[in-house]
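Engineer: Could you put together the complete structure from these sequences and hints?
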Amino acid sequence: MGMSVTIPASVERVADSRPLKPSSLSTLFPSPSTFELPLPSSIRREMIGFFSVEELLALEEADASWRHTLRDAGYWTTFSLRHDTDTLKNDALLRRVALAHGADVKRLEVVNCAFSSQVAEEVGACFSRLEALVVSGCKMLTDDAFTALVSASQQSLTEIRAVKCPLLTDAALSSVAAFQAQSIERVDFSHCRLLSTAGIAALAGSCQKLREISLKGCPQANDAAVVAIATSCATNLRELCVGGGGNVGDSALQALAANCRELEALDIARSNPFGNGRGGVSDLALLGFVAKCGGDLQRLVLRGQGQLSLAVLASVSAHCPKLQSLDIGGCRQIIQDPVALCAELQRMALLEQLSVSFARGLSDQHISSIATQCPQLKRFDVDGSPVAVVSIQSAEKAFDNIFAITVLPFPSFSELQMLHLKAGLRTKLFTATSVSSSTRLMVAIHEKLALSTSERAQQLNVQMDSQLLTHAHALSVLRTNFPSLSADECEMLLDWFGSISSLARATAADILDVTVLSAASAHAIEEFFRSEYALE
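Each residue of the sequence shown is one higher than the one before, starting from 1 at the first, in the numbering used here.
I should point out that these hints are in silico values taken from the structure, not numbers from a laboratory.
Note that the structure is predicted; figures quoted are calculated from it, not measured.
Some hints could be false.
Unchecked claim - Derived lysine-lysine pairs resembling DSS-like cross-links, with alpha carbons at most 25 Å apart: (1) Lys106 <-> Lys164; (2) Lys378 <-> Lys322; (3) Lys322 <-> Lys209; (4) Lys89 <-> Lys106; (5) Lys209 <-> Lys164; (6) Lys209 <-> Lys292; (7) Lys292 <-> Lys216; (8) Lys216 <-> Lys322; (9) Lys216 <-> Lys139; (10) Lys322 <-> Lys292; (11) Lys139 <-> Lys106; (12) Lys106 <-> Lys209; (13) Lys378 <-> Lys448; (14) Lys89 <-> Lys139; (15) Lys164 <-> Lys216; (16) Lys428 <-> Lys448; (17) Lys164 <-> Lys89; (18) Lys428 <-> Lys378; (19) Lys164 <-> Lys139.
Structural biologist: Written as structure tokens, this is what we have:
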């Protein structure tokens, strides 16, 4: 009896490098009576990754099996458009996805893309089950288009990010309050400069479940706005970022101290990062805030707060045991005493990221002391400061991997290169043409380091396997350490796992899947190797 097996298009391309012809569709997409061999989900997902969104939409139209594959893989739960300035192309794609799968999309991301607001208004209602909406960098996004997207999925959105959308006004905030007040938890309208204090206060008053609010670079995110946020969101608030916007002062910190005791992140950086000029917060207000809200605080940004003294840092180290990131750039009085500064930083056991940027006159002694006396630091930002060779050398002694990224044009770049060569520094020097490209470069560097670590771990495993002794010796090791196991059971373990090193990496569940050992024996083996052969 004959049987036909359907080979998906991508598999047939691998088996036969000749391009597919339209006439071959009948063989790829058989009639319902044809027997189809299902592919494992892992293979389906790998195949999906080779196609663009346009190609997947075309495959769906041609073959129902592809529709089932994409549905089972949950492909359409997230739809993302990024960094594409072709308006016509984006309009067509957004319309096709909205009409075909709008109800399936739970996370919609349109980042730094050009598309017409008219299309967003037309198809916004199709996205009726959104849980997250990201429209950052869409410079032509209007209030009406934003409202069309927000209003489609009433009371289901938990996250909205609309960073650098210069046309959005208070009407956009009103739409969030009107349609998502019961569900929204995270909003980011940073650098939307048309938002008013009244609009921000109205949003906070209606959406009292907000946990994370970011309004960086918004001129009207001032004291009154922060007071309204603190009063309305109260104990729900976990993160507030209003840095670089309005002049946040003491009344804002007092309101936060009175209402937001579980705050985990606060950014009150000033728009002038060098700490010059009037305004800002005082020691007294920040001391009161830290004393009441410091218990859960993990990130604190004070950049440009030139009025603060070193007494503030002493209070932070005493009341913020969970602090992981601290930005005191431009806080001249805090960083002017390197000995006292290092003493306070050493008390912050969990501190991993520190920034002292924009500190004019920062000496080599400051940087050297911090780098050598604070080994818990994983990231130390000193950009904007005259860092000399001795400072870089001190950093090289304290950290395994040091990278320097210069954003061009840089007036003294040639001198920097010569200094790098003459001093014999091992710091890797990179160049970038913009801040965005430098960001992508940093991500690439981190990914490469992670890959290198993974490769070293694999090499270690191979080395462990290659250094094993004879089968008889491995068997005697098992018999000696696990006297409750019989000789046959030890043989069975070596037959299944091949070596002691492979067995050491297996979990109790892995052992139970392939052997007939009891659960107690499997857990005893896992516990033994976990304690004896744990790798740091």
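Engineer: Could you tell me which of the hints above the structure violates, numbers in ascending order?
Structural biologist: Checked against the structure, no hint fails, so every one of them is satisfied.
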